[in-house]
Amino acid sequence: MASSTTAATLEQYALQPQPSTPVRFRRGIIRFCRTKPLGAFGAVIVIMLVAMAFFPGIFTSQEPNPSPPPLAERYQGPSASHWFGTDNFGRDMYTRLVYGARTSITIGFGVVLISSVLAALLGVVSGYFGGWADMLIQRLVDIGIALPGLIFIILVVTTLQNLPVTLRIIMPVGILVALGSSRVIRGAAISAKQNQYVEAARVIGATDTRIIARHVLPNVMAVVIVGASIQIGGAVLVESALSFLGYGIPPPTPSWGRMLNESRQQLANYPHLVIFPTLAIFLTVYSFNMLGDALRDVLDPRLRGSR
Amino acid sequence: MQRYIIRRLLLVIPTLLGVSLVVFTIVRLVPGDVISVISGDFGSSDKTSRDALLKEYGLDDNIPKQYVNWLGDVVRFDLGKSILSNRTVSSELKNRLPITFELGIMAIFFSMMIAIPIGLISAMRQDTAWDYIGRSFAIGLLAAPGFAIALMLITFASRYFIWGVPPKGYIHLTDDPVGNIRMLIVPAMLLGAGLAGSVMRFTRSTMLEVLRQDYIRTAWSKGLTERVIILRHAMRNAFIPVITVIGLQLPVIVGGTVIIESVYSIPGMGRYYIESVNNRDYPVIQGINLVVALVVVFANLGVDLMYSVLDPRIRYS
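Protein chains in written order, with the working numbering: chain X, 2 to 308; chain Z, 308 to 624.
Mixed in with the good hints, there may be bad ones.
Stated by the list, open to error - So the derived list for chain Z, only partly shown, Cβ under 8 Å to chain X, looks like this:
{"id": "1", "residue": "Val337"}
{"id": "2", "residue": "Ala455"}
{"id": "3", "residue": "Trp527"}
By construction, these hints were calculated from the structure, which means they are not laboratory data.
All residues carry an ideal CB built from backbone N, CA and C; glycine is no exception.
Assemble the whole structure, with the sequences as input and the hints as a guide.
As structure tokens, then:
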């Protein structure tokens with residue numbers, strides 16, 4: 002009886018039309034939102050920030066740098082016409098924060114683009130091939146880890162004067178992040194290499210390139226994706242710290258860190274000038290971190306499973 | 308084990324050479340130099356006096372030659388003289404290094420106090436309200452830009468608390484230990500708050516991993532209480548990897564001290580570092596860089612060795 006029920010259920014299941022890809026995708030998203038509400042919250046904010054970076058006009062109708070500056074409206078507190086108040090030139094703070102998202106997102110994604118590609122390359126070559134390549138790359142990583150990060154970045158930013166400043170920030174940050182995270186990827190590549198299917202692939206004569214592309218990289222991608230999400234948050238913080246120290250994006254481009262730097266003297270009298278950029282940085286870094294953590298829980302096979 | 312230690316010690320040499328070479332070269336590529344900073348003070352930019360100064364500090368040679376000269380001094384434990392103050396780099400660092408060291412130790416302590424309990428509870432109660440609240444708190448600390456929080460504390464908290472103020476003069480630990488700690492506690496907490504997020508995340512994920520192991524299931528089925536399972540069985544194994552994260556965070560702490568010491572006017576190495584970069588005081592930048600690299604390299608070596616002591620399954624060869 003029991004076995005016939007099972008067989009019937011199985012048959013029923015097999016005869017049922019399988020959900021189409023969009024439906025499965027939607028179900029996956031619903032499940033992600035239910036089990037990882039913080040990660041889902043992070044994802045929503047991240048999507049909003051990316052939208053702000055590409056289409057700031059949707060979020061505000063005002064100009065970030067109106068000319069001539071509306072000096073009559075300087076230092077206004079939050080109001081219906083200026084949600085987050087106005088700054089020392091009478092510019093709308095909310096608008097400047099919206100446009101500042103582009104700076105943060107550009108630097109965040111730029112850093113992660115460099116760091117992910119470079120880290121995956123170094124980590125996989127180091128872990129998969131081993132030997133002298135591993136030895137050489139690991140010494141490079143040692144140097145990267147022992148370099149004083151912030152000072153190194155400041156030195157590079159001040160040196161390469163003829164490159165655009167965004168690129169001058171993205172490059173050193175990306176390289177430093179890559180060296181640090183390549184070690185984790187190396188570990189993942191070493192353990193992926195030891196799988197029996199890799200051995201089997203080698204036996205049937207697959208080339209190293211093919212094994213890396215088909216068997217090692219897919220195993221390493223989870224580590225890369227999770228790392229990337231968290232590193233964007235880190236890069237946003239680094240940009241704000243650089244701008245705060247006076248080495249970041251020059252005016253008049255809106256940047257959250259420089260908004261903080263410019264208004265630090267006015268903090269006692271006009272706290273809104275400091276509080277809102279701080280909140281913007283906070284929310285951005287928090288969201289990327291929460292998204293990364295949720296992705297790790299979902300993607301990392303060792304953490305998957307019960308609950 | 309002995310062979311492993313010797314091999315690791317030998318590997319320290321190329322690392323230090325690499326780090327010093329990178330910084331040595333790049334500071335010399337930065338536009339502007341210390342001679343202009345000095346002569347700017349006297350309002351003169353005379354070519355002959357400039358050349359004389361360049362020669363006096365050995366800056367007229369090409370970069371490779373300068374590097375070899377500097378290296379020759381370093382192996383004789385001579386870090387050279389600050390060009391700006393004309394005092395030896397080691398005497399400049401002697402007073403500043405302990406301050407930054409103390410700040411760093413306090414920051415690590417605070418970050419562990421926050422991160423480890425939250426990481427444990429988060430893992431034990433994964434995907435419950437406790438998990439969300441705890442993680443939000445720890446990641447929130449990481450996400451808050453420390454310098455902005457520091458500014459707000461200095462400006463607003465100083466109305467209510469005396470410790471929010473950057474002090475007029477630094478109180479040394481040896482003069483007045485209580486005053487010293489009262490002064491450093493807020494900057495140290497801010498510095499530690501940033502670290503807490505990463506340590507918490509790591510504690511949580513190693514703990515989650517350990518809690519899924521067979522021996523934990525065995526402990527549950529033996530009927531042990533949660534307390535015993537966590538304290539006796541899970542925590543011991545979960546903590547070992549957490550130690551490594553602290554070793555990796557050391558450079559982050561150094562970067563943090565640069566900012567927090569500047570904001571709080573603490574006369575430590577971090578603030579001196581950024582001042583020297585602004586003044587292009589090459590010997591000082593190189594000296595601090597070398598000290599930081601040494602600390603980082605040996606801390607990581609220490610962490611790796613501790614690993615094998617704590618976890619008998621790990622044996623280096």
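To see whether the hints hold, each was checked on the structure:
1. Hint on Val337 (chain Z) holds. Least Cβ distance to chain X is approximately 5 Å, under the 8 Å limit.
2. A least Cβ separation of about 4 Å between Ala455 (chain Z) and chain X falls short of the 8 Å threshold, and the interface hint therefore holds.
3. Interface hint status for Trp527 (chain Z): violated, as the beta-carbon distance to the closest one in chain X is roughly 12 Å, over 8 Å.
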